[in-house]
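Okay, here's what each chain looks like letter by letter:
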Amino acid sequence: MNYWRTNPKRVLVAIVALLFLCSMMPSSAADWIWSMPHDPFMAVISPLTKQLHRLSISIRPPHDKGFSIDSDLIKERDELYSHNLILQQQLERANDRISQLSAVRKKPALGQYTGLLFASVVYTNANLPHSTLTIDKGSFHGVAAGQAVVLRESLIGRVSHVGHNAATVTLITQPKTHLDVHLVPGESTTGKPVTVTQVLFDEDVNAFVTIVDASEHNSIQIGHTAILVDVRWPRQAQKFMIGYVVSMEPQPDHPLLQTRVVIKPVVDMNRLAEVLVVINSILE
Amino acid sequence: MRYVIFSLTLFVLLTLELGLKQLLIIPRDGGVTPSFTLILMVYIAVSAPRLTVIWAALVIGLCIDLINPLPFVNDRGVISVPLIGPSSLGFLAGAIVVLELRSLVFRQSPTAIGVLVIMSGLICHLVAVAVLTLRGISWLPTDAIAHWDISGQLVRRFFELIYSSLMSLPVGFLLLKLDPLFGYGLPVRTARSGTT
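Those sequence lines, one after another, are chains F and U. Heads up: the first sequence begins at -8 in the numbering used here, then just goes up one per residue. Heads up: the second sequence begins at 4 in the numbering used here, then just goes up one per residue.
Quick caveat, the hints were computed from the structure, so don't treat them as lab data. Incorrect hints may have been included.
Chain U is nowhere near these chain F residues, computed Cβ spacing over 10 Å in every case [what the hints assert, rightly or not]: (1) Arg1; (2) Ala5; (3) Leu71; (4) Arg88; (5) Ile89; (6) Gln165; (7) Gln212; (8) Gln229; (9) Tyr235; (10) Val237; (11) Met239; (12) His245; (13) Asn261; (14) Glu265.
Distance condition first, Cα-Cα at most 25 Å in a straight line; then the derived DSS-like pairs of lysine-lysine [what the hints assert, rightly or not]: (15) F:Lys230 <-> F:Lys255; (16) F:Lys230 <-> F:Lys167; (17) F:Lys98 <-> F:Lys255; (18) F:Lys98 <-> F:Lys230; (19) U:Lys24 <-> F:Lys41; (20) U:Lys24 <-> F:Lys66.
Beta carbons: idealized from backbone N, C-alpha and C, even for Gly.
Based on the sequences and whatever the hints tell you, model everything.
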């Protein structure tokens, strides 16, 4: 007791340390040690406690407890339902990702070691002169400028600026964008592939536009798919889909000689939530 | 302070806390009940000498640890084991908080006790929950508490604190009436006199 009075801080620190050690004691040891004081202690207070407990039950109807259990069960059931819903959404998303990856992997332009990285779209700016979107992956994740960004079999754009944990993607729907494409028959159309020198994105019609000779007009059909064959773009981006032909009209200036072909982009750039960045392979 | 009176009061309040649980329980977040012992700790901490407060807080915490066994899982299933330490450390921390704040309040007021119950109870429960959560760390040679949900515990304990604070108005009033029995012998500042 004298030591306690002269060195209270040391004693307090020792008590705190001892209590902390007791708190960290394995349950088997705690059960063995603390049952000894616990049992007589409870034996002392339980007679009065039991009387009070009976009194409590007589005042408060026992169905309150049942109600409590029921509400707990209902709450637990609701939590399980919501958890199940979240799991279903995650499963659906995982399946979607798998199908997307398998669709992209079929592209011959992608080498065996080409990486594919899912990135969430954090900001879309598809309506201004510089149509861009911002993704949540950057140089830390292996993203580099010039890499192609795709969604399933469609080309979205390419990385133009890279930060540590974010990157900016310039969309193919940026006004005045020129792309070299092939027009190939789609699943529901027939015909032979047609080489088109360039398609130009026209913001007025919100689609790519090209002028072809009327002689080639017969080989192009509505529904034909435009795929990228542009040497200015990375090799991994080649053969990805740009859009599909939605209309063919005579060119107003030379209606008998030329036809105006309108190619609608496959993807609505304003509704993107997740895209796939084609990471260059390590060997390259 | 007269330790016999303290022991008797602690015994009565522990009995009330356990015995009236069914009557006072609010069926929310697994059942919310007031803590009379926390009120007693705060009441003693505003009046008694510092060393006495520390001892009293440790004793109250030990009693709380003994009467509230914790669930653990072993090969026999879920068992209840009394674990000494978490509440003792929590009450100790709570008492130190009251010791630091008691010069700022009028100790004759049950309202002051109610406010201090919240402040010290916050620290008390945070310490206890932190210690119990530490048991879940995988590299420690301990076993985690069964069905331990830290957020659920914090929410339930917060509502218990509010409930205890409300209950401290009548209980604190009664305890303040017992001042002559406790025999603190400590000059205190009162609301009426405003002096020490």
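- Query: Just checking, F:His245 versus chain U, shortest CB gap more than 10 Å?
  - Reply: With a cut-off of 10 Å, F:His245 remains clear of chain U, as the shortest Cβ separation is near 72 Å.
- Message: Does F:Lys255 sit within 25 Å of F:Lys230, going by the straight-line distance between their CA atoms?
- Response: Roughly 17 Å separates the two Cα atoms, so the pair holds.
- Task: Report holds if the minimum CB distance from F:Arg88 to chain U is greater than 10 Å, and violated otherwise.
- Result: holds, 30 Å
- Non-interface label on F:Glu265, tested against every C-beta of chain U at 10 Å: Holds: least Cβ distance 30 Å, greater than 10 Å.
- Query: Going by Cβ atoms, does F:Ile89 stay more than 10 Å from chain U at every point?
  - Reply: Answer for F:Ile89: holds, closest chain U Cβ roughly 32 Å.
- Query: Would F:Asn261 pass as off the interface with chain U, using Cβ distances and a cut of 10 Å?
  - Reply: holds, 38 Å
- Query: Does the claim that F:Gln229 lies off the interface hold, with its Cβ farther than 10 Å from every Cβ of chain U?
  - Reply: Check passes; 49 Å lies beyond 10 Å.
- Message: Please check whether the beta-carbon of F:Arg1 is more than 10 Å away from every beta-carbon in chain U.
- Response: holds, 13 Å
- Message: Between the alpha carbons of F:Lys98 and F:Lys255, is the straight-line distance 25 Å or under?
- Response: holds, 22 Å
- Straight-line alpha-carbon gap F:Lys230 to F:Lys167, limit 25 Å: holds, 21 Å
- Does F:Gln212 really sit off the interface, with its C-beta more than 10 Å from all C-beta atoms of chain U? Given a closest Cβ separation of 61 Å, the condition holds.
- Query: Does the claim that F:Ala5 lies off the interface hold, with its Cβ farther than 10 Å from every Cβ of chain U?
  - Reply: holds, 12 Å
Comparing the model with each numbered hint stated earlier shows that all of them hold.
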